[in-house]
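Student: Using the hints, position chain B against chain A.
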Amino acid sequence: MSSSTTENQWLFRKEDLYRTPSLMSGLSYQVEKESRMKGVTFIIQVGMYLKLPQLTMATAALFFHRFYMRHSLKDYKFYDIGATCIYLASKTEESTRKFKDVIIACAQKAAKRETPIEDSSKEFRVWKDTIIYTEEILLEALCFELSVEHPYQFMLSLLTNHYTKDEHRARKLKSVAWAFINDSLRTTLCLLYPPKIIALAAVHIAAKYLDENLNECLGDTWRELYEPEIQDITDAANEIMDQYTQFPNKNGRSLDKMLPGSKPGSEYQENGTPSYGGYLNSPAKLATPVYSIEPDRPSNGDRSGAP
Amino acid sequence: MASIRNHAEQHNADIYRDYKKDKKVGEGAYAVVYVGRQLSTKKVVAIKKIKIGQFKDGLDMSAIREVKTLQELRHPNVIELMEVYFHKTNLNLVLEFLESDLEMIIKDKSIVFMPGDVKHWMLMTLRGLDHCHRNWILHRDMKPNNLLLGRDGQLKLADFGLARDFGDRNRQLTAQVVTRWYRAPELLFGAREYGYGVDIWAIGCIFAELLLRNPYLPGNTDMDQLDTMFRALGTPTEADWPGMESLPNYIKFKQYPKTPLRLLFTAAGADTLELLESMLIYDPNRRISAREALLHPYFFNKPRPTPLENLPKHVRETPEAAKLKRKAEALDAYDLTSEDGKRLARRLDFTGMS
Numbered sequence: 000m001s002s003s004t005t006e007n008q009w010l011f012r013k014e015d016l017y018r019t020p021s022l023m024s025g026l027s028y029q030v031e032k033e034s035r036m037k038g039v040t041f042i043i044q045v046g047m048y049l050k051l052p053q054l055t056m057a058t059a060a061l062f063f064h065r066f067y068m069r070h071s072l073k074d075y076k077f078y079d080i081g082a083t084c085i086y087l088a089s090k091t092e093e094s095t096r097k098f099k100d101v102i103i104a105c106a107q108k109a110a111k112r113e114t115p116i117e118d119s120s121k122e123f124r125v126w127k128d129t130i131i132y133t134e135e136i137l138l139e140a141l142c143f144e145l146s147v148e149h150p151y152q153f154m155l156s157l158l159t160n161h162y163t164k165d166e167h168r169a170r171k172l173k174s175v176a177w178a179f180i181n182d183s184l185r186t187t188l189c190l191l192y193p194p195k196i197i198a199l200a201a202v203h204i205a206a207k208y209l210d211e212n213l214n215e216c217l218g219d220t221w222r223e224l225y226e227p228e229i230q231d232i233t234d235a236a237n238e239i240m241d242q243y244t245q246f247p248n249k250n251g252r253s254l255d256k257m258l259p260g261s262k263p264g265s266e267y268q269e270n271g272t273p274s275y276g277g278y279l280n281s282p283a284k285l286a287t288p289v290y291s292i293e294p295d296r297p298s299n300g301d302r303s304g305a306p
Numbered sequence: 000m001a002s003i004r005n006h007a008e009q010h011n012a013d014i015y016r017d018y019k020k021d022k023k024v025g026e027g028a029y030a031v032v033y034v035g036r037q038l039s040t041k042k043v044v045a046i047k048k049i050k051i052g053q054f055k056d057g058l059d060m061s062a063i064r065e066v067k068t069l070q071e072l073r074h075p076n077v078i079e080l081m082e083v084y085f086h087k088t089n090l091n092l093v094l095e096f097l098e099s100d101l102e103m104i105i106k107d108k109s110i111v112f113m114p115g116d117v118k119h120w121m122l123m124t125l126r127g128l129d130h131c132h133r134n135w136i137l138h139r140d141m142k143p144n145n146l147l148l149g150r151d152g153q154l155k156l157a158d159f160g161l162a163r164d165f166g167d168r169n170r171q172l173t174a175q176v177v178t179r180w181y182r183a184p185e186l187l188f189g190a191r192e193y194g195y196g197v198d199i200w201a202i203g204c205i206f207a208e209l210l211l212r213n214p215y216l217p218g219n220t221d222m223d224q225l226d227t228m229f230r231a232l233g234t235p236t237e238a239d240w241p242g243m244e245s246l247p248n249y250i251k252f253k254q255y256p257k258t259p260l261r262l263l264f265t266a267a268g269a270d271t272l273e274l275l276e277s278m279l280i281y282d283p284n285r286r287i288s289a290r291e292a293l294l295h296p297y298f299f300n301k302p303r304p305t306p307l308e309n310l311p312k313h314v315r316e317t318p319e320a321a322k323l324k325r326k327a328e329a330l331d332a333y334d335l336t337s338e339d340g341k342r343l344a345r346r347l348d349f350t351g352m353s
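If you read the protein sequences in the order shown, they are chains A and B.
Using numbering that gives the first Met the number 0, you'd call the opening residue of the first sequence number 0 and step up by one each time.
Using numbering that gives the first Met the number 0, you'd call the opening residue of the second sequence number 0 and step up by one each time.
No lab work stands behind these hints: they were computed from the structure.
You may find that some hints are simply not true.
Straight-line alpha carbon distances no greater than 27 Å define the calculated DSSO-like cross-link-like pairs of lysine-lysine that follow [unchecked claim]:
id: 1; chain 1: A; residue 1: LYS50; chain 2: B; residue 2: LYS55
id: 2; chain 1: B; residue 1: LYS87; chain 2: A; residue 2: LYS76
id: 3; chain 1: A; residue 1: LYS127; chain 2: A; residue 2: LYS97
id: 4; chain 1: B; residue 1: LYS55; chain 2: A; residue 2: LYS121
id: 5; chain 1: B; residue 1: LYS20; chain 2: B; residue 2: LYS108
id: 6; chain 1: B; residue 1: LYS55; chain 2: A; residue 2: LYS99
id: 7; chain 1: B; residue 1: LYS48; chain 2: B; residue 2: LYS22
id: 8; chain 1: A; residue 1: LYS111; chain 2: A; residue 2: LYS50
id: 9; chain 1: B; residue 1: LYS48; chain 2: B; residue 2: LYS87
id: 10; chain 1: A; residue 1: LYS76; chain 2: A; residue 2: LYS97
id: 11; chain 1: A; residue 1: LYS73; chain 2: A; residue 2: LYS32
id: 12; chain 1: B; residue 1: LYS48; chain 2: A; residue 2: LYS97
id: 13; chain 1: A; residue 1: LYS111; chain 2: A; residue 2: LYS73
id: 14; chain 1: A; residue 1: LYS73; chain 2: B; residue 2: LYS50
id: 15; chain 1: A; residue 1: LYS99; chain 2: B; residue 2: LYS50
id: 16; chain 1: A; residue 1: LYS73; chain 2: A; residue 2: LYS50
id: 17; chain 1: B; residue 1: LYS87; chain 2: A; residue 2: LYS97
id: 18; chain 1: B; residue 1: LYS41; chain 2: B; residue 2: LYS20
id: 19; chain 1: B; residue 1: LYS19; chain 2: B; residue 2: LYS48
id: 20; chain 1: B; residue 1: LYS20; chain 2: A; residue 2: LYS97
id: 21; chain 1: B; residue 1: LYS55; chain 2: A; residue 2: LYS76
id: 22; chain 1: B; residue 1: LYS48; chain 2: A; residue 2: LYS127
id: 23; chain 1: A; residue 1: LYS127; chain 2: B; residue 2: LYS55
id: 24; chain 1: A; residue 1: LYS127; chain 2: B; residue 2: LYS87
id: 25; chain 1: A; residue 1: LYS37; chain 2: A; residue 2: LYS76
id: 26; chain 1: A; residue 1: LYS50; chain 2: A; residue 2: LYS37
id: 27; chain 1: B; residue 1: LYS87; chain 2: A; residue 2: LYS99
id: 28; chain 1: B; residue 1: LYS22; chain 2: B; residue 2: LYS87
id: 29; chain 1: B; residue 1: LYS22; chain 2: A; residue 2: LYS97
id: 30; chain 1: B; residue 1: LYS50; chain 2: A; residue 2: LYS127
id: 31; chain 1: A; residue 1: LYS99; chain 2: A; residue 2: LYS37
id: 32; chain 1: A; residue 1: LYS121; chain 2: A; residue 2: LYS37
The following label-pair restraints were derived from C-beta to C-beta distances [claimed, not checked]:
id: 33; chain 1: A; residue 1: SER146; chain 2: B; residue 2: PHE299; range: 31 to 37 Å
id: 34; chain 1: A; residue 1: GLU223; chain 2: B; residue 2: LYS22; range: 53 to 59 Å
id: 35; chain 1: A; residue 1: THR95; chain 2: B; residue 2: SER39; range: 33 to 39 Å
id: 36; chain 1: A; residue 1: LYS111; chain 2: B; residue 2: ILE250; range: 49 to 55 Å
id: 37; chain 1: B; residue 1: GLU291; chain 2: A; residue 2: THR95; range: 43 to 49 Å
id: 38; chain 1: A; residue 1: LYS111; chain 2: B; residue 2: ASP223; range: 52 to 58 Å
For every residue, glycine included, the Cβ atom is placed at its ideal position computed from N, Cα and C.
Bound conformation, chain A alone:
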């Protein structure tokens, strides 16, 4: 049971993910899940090419997930929506790029080509028209809610203000938690839990990876935050970890590429942050999930156990 009592129209129950527009139009749960992952991976690739701040990419991903709670993947291709989400997020997050550059980056990454397209080409025009046309549909689907929150800020302020051990370890914990939040973007987690829960889940898994005892290094703050929400945090943490067990090779590869570059705008990057791509890809770590996957989880195909 989700503990969130906010009136947020963008928080859904797990059951709702089984009656999304895409599923209602005949696609399978698995296809939608994979398309969402591919879409956000595309957003991140384009975002990195354009050197967009991580928060802008996170906003684009959030827009993307919300859009497909209103429209079907059958009606709108995820490349088109992904591109439009990036363009809109770059504007709402005050990190605008030239429209031309956005179009070229999208065209190149979508077609996985090596060289950029010409801005006089037909392909360029088609992308341009698509983004302009889709922007309106996207805004409408988002009900013009452009102001969004992410887990990053909560995580950083928690670990900055309450971590009691040395700064080096705090930085390490921050960077690993940051990476897990990045990875959560490709899942529908942001439709299920508020940013605070996702932040706590990311801190929780990060601590497991680094063998940190949060009860020790965050003390009462952690207990007060964690205990009342234990069910949701555990759930959210499992949801993040699912990616590594369900698609280990696929995502293991892209993780390697995306992690080292995925930290612009963060505050811990100045002092030689260790490359943490390795934590997530180390086979030993992946072989032992942080949480055992409960057999009745809806994402494993059995919906009867859904709360």
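Tutor: Same frame as chain A, now just chain B:
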């Protein structure tokens, strides 16, 4: 089972049908403003129509900034964004309608300002601005005609087309903001990193304008603006404002002496001038913040701020306006019945009368 598909489109269409534009009241570079009505509540609203079709780069940044900031800011002294909808290729922002603005009041020389009036307007302006700043939003276009006044006397900050978030030191901002007469010295010197001080400077100029009933620093060009400013407040030295000389567009000016404010503002009290002076400090780091200004003795000393209902209002009920109002009411009655497919009003509605 009903799908949630198309819910948003339906929602948009419902909103669109609920609003009716009556009359164009203004046209800006990228938008046209209408006065209109919400049919379901008969509430008078302002509808800002943004022509997005003409922008080759999709939805304009100003529109995005305005929608985003107004969603984040809900406050009695900030204009309320009631709805947003698309119609054809235009984006429409439905805003609460306010009769007049501070500029009209200042220009209406038939009105005499009492010190308590100015105090209450300043109080409301600062409350609205403090709310923006606490949410890390800079308004960046504070001027009297963006301070709207409702029939009940409430003052509300409007026009957030230039507003944006601040606080991130790594980000460069543009210095080309704020209407010239209200533009802070750091902007005129081309600063790319600035903060709440730019809005406070503008409020200082508005405060002075309320006291003088004339624009305080009316420069003709950016260069003349600096000259006018330095003539009035003295040319700052590097000691007054550390870092000034390293600003991108810094130019050395003639050294004008600093003249005390009380020579120009002869009628103003000592607390008034002290607050005004702290808003017009050259060094943005030493300039007062909205929060500090609200705690300034000026607001606690006598005279008390004039009660809302007694604040001067700009009366604009010309015969033409009255005719328009009657026409609008007649239209109202027609709309109600035409929805039922009937030609004549069967029921008389007296709710609009007082």
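Student: Are the hints correct? Go through all of them and say.
Tutor: Evaluated hints:
1. Of the supplied pair hints, the one linking LYS50 of chain A and LYS55 of chain B holds, its CA atoms being roughly 23 Å apart against a limit of 27 Å.
2. A hinted pair counts as satisfied when its Cα atoms are at most 27 Å apart, and LYS87 of chain B with LYS76 of chain A qualifies at roughly 23 Å.
3. For the given pair, LYS127 of chain A sits about 12 Å from LYS97 of chain A by alpha-carbon distance, which is consistent with the 27 Å threshold.
4. Taking the CA atoms of LYS55 of chain B and LYS121 of chain A, the gap is near 17 Å; set against the 27 Å cutoff, the hint holds.
5. Only pairs whose Cα atoms come within 27 Å are accepted, and LYS20 of chain B paired with LYS108 of chain B is rejected, the gap being roughly 32 Å.
6. At most 27 Å may separate the alpha-carbon atoms for a hinted pair to count; LYS55 of chain B and LYS99 of chain A meet this at roughly 11 Å.
7. For the hint pairing LYS48 of chain B with LYS22 of chain B, the CA-to-CA distance comes to about 12 Å; that is within 27 Å, so the pair holds.
8. Using a Cα cut-off of 27 Å, the hinted pair LYS111 of chain A and LYS50 of chain A holds, with the two alpha carbons roughly 18 Å apart.
9. Between the alpha carbons of LYS48 of chain B and LYS87 of chain B the distance comes to roughly 11 Å, so the proposed pair stays at or under 27 Å and holds.
10. Of the supplied pair hints, the one linking LYS76 of chain A and LYS97 of chain A holds, its CA atoms being roughly 23 Å apart against a limit of 27 Å.
11. This hinted pair checks out: LYS73 of chain A and LYS32 of chain A have alpha carbons roughly 14 Å apart, not beyond 27 Å.
12. Pair hint LYS48 of chain B plus LYS97 of chain A holds up; C-alpha atoms about 25 Å apart against a cutoff of 27 Å.
13. Distance hint between LYS111 of chain A and LYS73 of chain A is fulfilled; the C-alpha atoms sit about 22 Å from each other, no more than 27 Å.
14. Taking the CA atoms of LYS73 of chain A and LYS50 of chain B, the gap is about 30 Å. The hint is violated against a cut of 27 Å.
15. Of the pairs offered as hints, the one joining LYS99 of chain A and LYS50 of chain B holds, with about 21 Å between alpha carbons and a cut-off of 27 Å not exceeded.
16. This hinted pair does not check out: LYS73 of chain A and LYS50 of chain A have alpha carbons roughly 30 Å apart, beyond 27 Å.
17. Restraint check for LYS87 of chain B and LYS97 of chain A: satisfied, since their Cα atoms lie roughly 26 Å apart, inside the 27 Å limit.
18. For the hint pairing LYS41 of chain B with LYS20 of chain B, the CA-to-CA distance comes to about 12 Å; that is within 27 Å, so the pair holds.
19. Straight-line distance between C-alpha atoms of LYS19 of chain B and LYS48 of chain B comes to about 12 Å, which keeps the hinted pair within the 27 Å bound.
20. For a cut-off of 27 Å, the pair hint linking LYS20 of chain B to LYS97 of chain A is broken: about 35 Å separates their Cα positions.
21. Taking the CA atoms of LYS55 of chain B and LYS76 of chain A, the gap is near 22 Å; set against the 27 Å cutoff, the hint holds.
22. Annotation: proposed proximity of LYS48 of chain B to LYS127 of chain A holds, straight-line Cα distance about 24 Å (limit 27 Å).
23. For the hint pairing LYS127 of chain A with LYS55 of chain B, the CA-to-CA distance comes to about 9 Å; that is within 27 Å, so the pair holds.
24. Between LYS127 of chain A and LYS87 of chain B the alpha-carbon distance is near 19 Å, which keeps this suggested pair within the 27 Å criterion.
25. Taking the CA atoms of LYS37 of chain A and LYS76 of chain A, the gap is about 11 Å. The hint holds against a cut of 27 Å.
26. Distance hint between LYS50 of chain A and LYS37 of chain A is fulfilled; the C-alpha atoms sit about 19 Å from each other, no more than 27 Å.
27. Only pairs whose Cα atoms come within 27 Å are accepted, and LYS87 of chain B paired with LYS99 of chain A is accepted, the gap being roughly 25 Å.
28. Taken as a hint, the LYS22 of chain B and LYS87 of chain B pair is honoured in the structure, with Cα atoms around 19 Å apart against an allowance of 27 Å.
29. The straight-line distance between the Cα atoms of LYS22 of chain B and LYS97 of chain A is roughly 37 Å, outside the 27 Å bound, and the hint therefore fails.
30. Proposed proximity of LYS50 of chain B and LYS127 of chain A is supported: the alpha carbons are some 18 Å apart, at most 27 Å.
31. Among the hinted pairs, LYS99 of chain A with LYS37 of chain A is consistent with the structure: their alpha-carbon atoms are about 23 Å apart, no more than 27 Å.
32. With a C-alpha separation of about 25 Å, the suggested pair LYS121 of chain A and LYS37 of chain A falls inside the 27 Å cut-off, and the hint holds.
33. Distance hint for SER146 of chain A and PHE299 of chain B: a CB-CB separation of about 35 Å, consistent with the stated range 31 to 37 Å.
34. Take GLU223 of chain A and LYS22 of chain B: their Cβ atoms lie about 56 Å apart, and the range 53 to 59 Å holds.
35. One distance hint, 33 to 39 Å for the beta-carbon pair THR95 of chain A and SER39 of chain B, holds here, with the actual separation near 37 Å.
36. Between LYS111 of chain A and ILE250 of chain B the beta carbons are some 52 Å apart, a value that agrees with the proposed interval 49 to 55 Å.
37. A hinted range of 43 to 49 Å for the beta carbons of GLU291 of chain B and THR95 of chain A is inconsistent with their spacing of about 34 Å.
38. About 56 Å separates the C-beta atoms of LYS111 of chain A and ASP223 of chain B, a value consistent with the hinted range of 52 to 58 Å.
Figure legend: structure checked against the earlier numbered hints; hints not met, in rising order: 5, 14, 16, 20, 29 and 37.
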